[in-house]
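Participant: Chains A and B, in that order, are what the protein sequence lines are.
Mapping the first sequence onto the working numbering, position 412 (from 1) lands on 405, and the numbers just tick up by one.
Mapping the second sequence onto the working numbering, position 126 (from 1) lands on 1105, and the numbers just tick up by one.
Think of the hints as simulated: they come from the structure by calculation, not from any bench.
Remember, it's a predicted structure, so these values are computed and weren't measured experimentally.
There's no promise every hint is true.
As the list claims (entries may be wrong) - In the DMTMM-like style, the derived pairs of lysine to aspartate or glutamate whose C-alpha atoms are separated by at most 25 Å in a straight line are:
#	chain 1	residue 1	chain 2	residue 2
1	B	K1152	B	D1043
2	B	K1336	A	E314
3	B	K1123	A	D303
4	A	K362	B	D1312
5	A	K374	B	D1430
6	A	K433	B	D1107
7	A	K281	B	E1437
8	B	K1319	A	E140
9	A	K302	B	E1437
10	A	K256	B	D1312
11	A	K404	B	D1043
12	A	K329	B	E1103
13	A	K433	B	D1043
14	B	K1284	A	D303
15	A	K302	A	E271
16	A	K281	A	E314
17	A	K302	B	D1430
18	B	K1152	B	D1430
19	B	K1434	A	D432
20	A	K408	A	D343
21	A	K302	B	D1361
22	A	K302	A	E346
23	A	K329	B	E1116
24	B	K1123	A	D301
Said to hold, decoys possible - Covered by chain B, per the in silico footprint, the following chain A stretches (three or more residues, Cβ under 8 Å):
#	stretch
25	40 to 48
26	79 to 89
27	268 to 278
28	326 to 333
As the list claims (entries may be wrong) - Example chain A residues on the side facing chain B (calculated, C-beta under 7 Å, incomplete):
#	residue
29	S114
30	K405
31	K408
Note that beta-carbon positions come from the ideal geometry of N, C-alpha and C, so glycine has one too.
Here are the chains, one letter per residue:
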Amino acid sequence: MKSLKNAAYLCVILVTCGLFSAARAQSFEVQTHTLKNGMEIFVQRDASIPNVALYVFYRVGSRNERPGTTGISHFFEHMMFNGAKKYGPGQFDQVMEAAGGRNNAYTSNDVTVYQDWFPRSGLELIFEMEADRIENLGFDPKIIESERGVVGSERRTSIDASNAGLLYEQLWATAFTAHPYQWPVVGWMVDIEAWTMEDLKSHYRMGYSPNNATMVVVGDVSADEIVKLAQKYIEPIKASEPPSKVTTREPEQLGERRVTVKKFAQLPLLMIGYHVPETSNSDYYALKVLQTILFSGQSSRMYQRVVDKDQLALGVTGDYEFAFDPTLFMVTSQPKEGVAPEAVEKAVYDELERVKRESAGDQEIEKAKNILLANFYRQIKTIDGRANQIGSYELFFGDYRKLFTAAEDYKKVTKDDLRRVAKKYFSEKNRTVATLIPDKSEAESGGQETEGRRQ
Amino acid sequence: MDNPTEAFRHQPPAPLPLRTLSIPTPEELTLPNGLRVIIIESRRLPLVSIRLAFRTGDAFDPPDLPGLSDVLTHMLTEGTVSRTSRQIADEVARIGATLNAGANSDYSTVAASALASYANTIFELLADVALRPSFPEDELQLTKQNTQQNMIAQRAQPSFLASETLARVIFGKHPYAVVSPTVESINAMTREQLAGFHRAAFIPNNAVLLIAGDVRRDAVMKRVEKLFAAWQPGEVAQPAWPPLPEREARSLYLVNRPGSAQSNIVIANAGITRTHPDYFPLLVMNTVLGANASSRLFMNLREAKGYTYGAYSSVDARRFAGTFRASAEVRADVTGASLKEFFMELERIREVPVADKELADAKSYLIGVFPIRLETQEGLIDQFMQIKMQGLPEDYLLTYRDRVNAVTMTDVLRVARAHVTPDRAAIVVVGDAASITDQIASYAADIEMYDSAGKRQEVNVADTVGDD
């Protein structure tokens, strides 16, 4: 195709110089194309198996919601499987599975992502079905009500019946006072019950415009055939106004915040969140190396201290996920029975103070970089994983090529960077601490529930 | 309505031709000590994956020491004759590798993955932990403590409570009935017992070693001989276990979680082993009934009724026995209504032949998703491991799609009648007894109720608040 830009020819050898011979490495050539309606398309050919992974990323998530409609992005993810013009209710799954394919979707604070995996034989069919639901989604009031019940059930399982889910929700609701990251992706139950047909339609118009979407196709396909199919099925769909920019920035936190949840549980649970910058910030790589040194595996500093040496907890993890806006670095630990969560907290703070004080050792840094390099390959070992990574890097870093230079970018992190970011972010006044306190005196609280129970 | 559906008029695009699937041919040989070795060269990424699998697992635990295989496999990476737990963790992390061991009911595995440039290092580490564990006393104490803590935590999970009760009632005195250690068994375990079991069961003539990745066959074979040739074979234990209990009627087992907003429902009966001749017809039957999002159970309980986030059925076919089960987590107030739909679907698949299109769609699904499990090094290792561990035919992967294709409508009806038996099923419900007992009581002549610790409780139907 003339319109195809040969955007990049990147070979793994670039990021692993010296370790492997060039002849053996697989190439990761990605070709890009932009449709006239603004949708961006990324294609990578890999014919290892006769299957295809097709992802559509929409830049809409819970951060584009407002009080009263929280959870509507996630609800929409469900509605996209509930029928459009050519393929009616339930048919998306049925036709896809009958063609030997599978699909799923996920919603986060920032994005809504649709995933299709299918044999190459179903390629054109998938394009037709995706176009159908982008352009002509059905809004059947009966189906909306039934789906409300499904999403309510999902909330009950993943949040209300889950100690970790409930504590996580309270932590974010406490750490963020201004920015929309304060509400849960699944939404508050009162909002799930309350949103209207008009809310749904305006969300669809805003979030599902082709110029708000990025398509990634990896597998047994050529870029030419993908562009042709996209021109036939997707290009005629008109663009509309994408979501307005989220301009709210969370004000600087001025002191530690604490929140507790009392709930029927066997063991307490501890979560600590530190405000950290968005993914595209230059401190991202240093924080990821620090996360690896502190939390990755049984030889990590935090595991050695909290689980092995002090034997206070069953496990300790550190998470720093992709985010468009400043987010939280999360520490989670399950204290043992009889151990006060405060004792675990103290040990965690001790280790965080230590990385501010003393340089990490050369071996420790080397180890972290090896872990990050091996993880990079694990993330791209399937056509599915690669489609997800290419799209995620494009959206969160603003350039998918950052995926293939990640190992190099980690190498640039210095010992001084590690001390500097530790001091900058892991401070007392920048943290929010959430503790689940087991309440064994009464039965599991149904107090979170506002719906569905007989009175 | 905005967009009247054109579904019935619409002709979908014709499928592109199917492409052939290339399955790598593994190199296979056996060492004089009986260790079978399978090597799969795959240059797609500069990684290597290794797995050492033993035909021993939780089912082989001594009856008075449930959980022994779990503790033993966990302890493999906690110290060897030449390395401490800390040294093992450090060496694995230094090269960005993974090294894990674990057990399920039928087999135990030690698995590793690493950058191919560190293949020798990770191979040596894997051999060390698998062959020469030292079971240090202090690490054992810590493992015991943590296992007991995890046992406490899992009692908070309704899905665990459901699977525990289900295994007990379906498997009876067969070892598959046990899904978790007991406080007593964990307390009783000693390093001598672990070492003794390891010596007896972790032997080369009861194991398969699989290596896949960016490696060269001849180089790998040299390493294998160096690391494993001196390993002494032993006597392979031949299990003699009691048969599963015969179920005569449908019964209900209620695990009470007061205040629970959701009910976990599992309806189950004894099923087939992995090598049973009905395996492929049952796989197709299960796809029509409940394997995925276009199956009958999902379309009914989620799509049409909105009772649940998902409703499924599954065929758990293991080496010595198996189950068929149908399950969902539903809102408490529709627990009874959900049972009604479940039993309607279970009867229908037994009574009415599946439609041609339903059958064709189910087969097409199974054939279409099949290559995905062969995509990665771990995926290939997993498939070849199943073939060896479960005793499947050598041409299993090559003939998989033909076997699915060969299933007929008559086969589906026959296996549904043979292996889905709702009139003799065990119904396990984990939920708030006060609000659900009345809804479900009519589905079995008999209700047994338990608390979340597994203690039997009195059922009191009159006390419930049910009003529908």
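Participant: Identify every previously stated hint that the structure contradicts and give their numbers, smallest first.
Facilitator: The structure conflicts with hints 2, 4, 5, 6, 7, 9, 11, 12, 13, 14, 15, 17, 21, 27, 30 and 31, although it agrees with all the remaining ones.
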